[in-house]
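Student: Below, each chain spelled out in residue letters.
There are 4 protein chains.
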Amino acid sequence: MATQQEIAIFLAKEFPASPCTVDEIGPQSAVVRHKVDISALRPGGTVSGPVLMTTADLGLYAAILGEIGIVPLAVTTNLNINFLRKPAAGKDIIGVCKLIKTGRLLIIGEVSLYSEGDDRPVAHAVGTYAIPPRD
Amino acid sequence: MATQQEIAIFLAKEFPASPCTVDEIGPQSAVVRHKVDISALRPGGTVSGPVLMTTADLGLYAAILGEIGIVPLAVTTNLNINFLRKPAAGKDIIGVCKLIKTGRLLIIGEVSLYSEGDDRPVAHAVGTYAIPPRD
Amino acid sequence: MATQQEIAIFLAKEFPASPCTVDEIGPQSAVVRHKVDISALRPGGTVSGPVLMTTADLGLYAAILGEIGIVPLAVTTNLNINFLRKPAAGKDIIGVCKLIKTGRLLIIGEVSLYSEGDDRPVAHAVGTYAIPPRD
Amino acid sequence: MATQQEIAIFLAKEFPASPCTVDEIGPQSAVVRHKVDISALRPGGTVSGPVLMTTADLGLYAAILGEIGIVPLAVTTNLNINFLRKPAAGKDIIGVCKLIKTGRLLIIGEVSLYSEGDDRPVAHAVGTYAIPPRD
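Chains as they are written, first to last, in the numbering used here: chain S, 34 to 168; chain Y, 34 to 168; chain X, 34 to 168; chain H, 34 to 168.
Hints are computed from structural coordinates only; laboratory data are not their basis.
Predicted model only: the values in this text are computed from it and were never measured.
Heads up, a few of these hints could be off.
One copy or two, either will do: identical chains are not told apart, so a pair holds if it fits within one copy or between any two.
[As the list claims (entries may be wrong)] No farther apart than 30 Å at their CA atoms in a straight line, the calculated lysine-lysine pairs in the DSS-like style are these: (1) K46 / K131; (2) K68 / K46; (3) K46 / K124; (4) K68 / K119.
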């Protein structure tokens, strides 16, 4: 297991250019945030799909690190995302992540993504991660 | 319908910061390229999942523009991606996109993603796009 | 909107051979049950994947009927399912379904599937349905 | 590796009630058939989604058996299916399956599903299977 602080330090070191931060780590769960600025906008003035996918992937990765400790080689094997509503243009994206299976080889989790301050999800994702064999 | 040149101009204007380019547009198909530089790397020295997702999404969007013309408000409703192999660290990502259904309201396509120069796919994605009503 | 009883009558008439029943209909939600008998078993003595997929699809369909009324031509456009744990061989499968977006043209929902009496999900699915234009 | 005949015998023994047959096994590929009769119909007179999902799952399973031999405990971990067109009511469903990654622990494949005699796919699926450790 790893704490929010340990995970934040690890991610800042491994992904120094990332616009995402880890707000909370809980039991089999994480809350992450993707800062939104003008580079994330697309036609129609909304946040792009890749920003939402990036947040979902990072959030599940953070929840996994919280559960099994700092395992840099966990890899995404599948991500399925549904885009539900147009995100607000000027609001950070918040990803609320929950692991639904923590197996020995595969970990699966789901993420609801929100524009900060609105409780209707803008997207929902489910991801699968392969975990390298542990001793 | 729109040509490769029209689509390249449209995307360059709409997404000026994008590292993706449109190499080819064909009947219900497109080939796109994501330039790979150091900012796309993640632990283990490979290209990140979000880079692959971005390329898949952009490639399908380009194939749709090629099919139905410049429709800036086509929106992704679902993207499912499987990560198959570790991409090569220093190679561009090539997305080969094919539409499998062009409906009035929904367009669905699939993408195989490659590290340039290797014919084994590094990822495979399927995406659904909602098309605004046309006259 | 339609009640549990109206939906049960509709489904029994439309799918007379179905092993699924609708236990509850709530706001944007449904609970359904797939009776498990020997024909649903596969190697290793567990419930088959198609049984779980059928339950997920039927459950989301029931939740949609509960939300928008009896609309026999709602059609599934996408279903993504993750299989999480081996179901118990002799237990009914319970699907707990929640709609996460009710749009004019598309409705999206998620389902957690359980072996009756065990609160760890055996599968999790997300489905999208296209709704015929309404007056 | 296993032949079409070995796989057909195995599946007939393991799933005696199955309406699916294996028409062909090739390198990393399979063609399967789901007989269509009246029990597979749903409102609107078409083949049900679960029939298509069952065919996709069985077809990928057959392609895997063809590739790695008779391994009864391969299990589906993820299936994502897009429904593309209304199947013809009285036609068998044909599933054309191709493996896109054969890893040591995970095998991933895609399936295009057709109503026999029509070359426009009625559905497209991608599935992931976990393989028990082999000696």
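Student: Determine for every hint whether it applies to the structure shown.
Tutor: Status of each hint after checking the structure:
Taking the shortest alpha-carbon separations for K46 and K131, only the intra-copy value of 24 Å comes in at or below 30 Å, while the best inter-copy value is 38 Å. For the homomeric pair K68 and K46, the shortest alpha-carbon distances inside one copy (18 Å) and between copies (23 Å) are both at most 30 Å. Taking the shortest alpha-carbon separations for K46 and K124, both the intra-copy value of 25 Å and the inter-copy value of 23 Å come in at or below 30 Å. Both within a single protomer and between protomers do K68 and K119 lie at most 30 Å apart by alpha-carbon distance, with minima of 16 Å and 28 Å respectively.
When each numbered hint is compared with the structure, no violation occurs for any of them.
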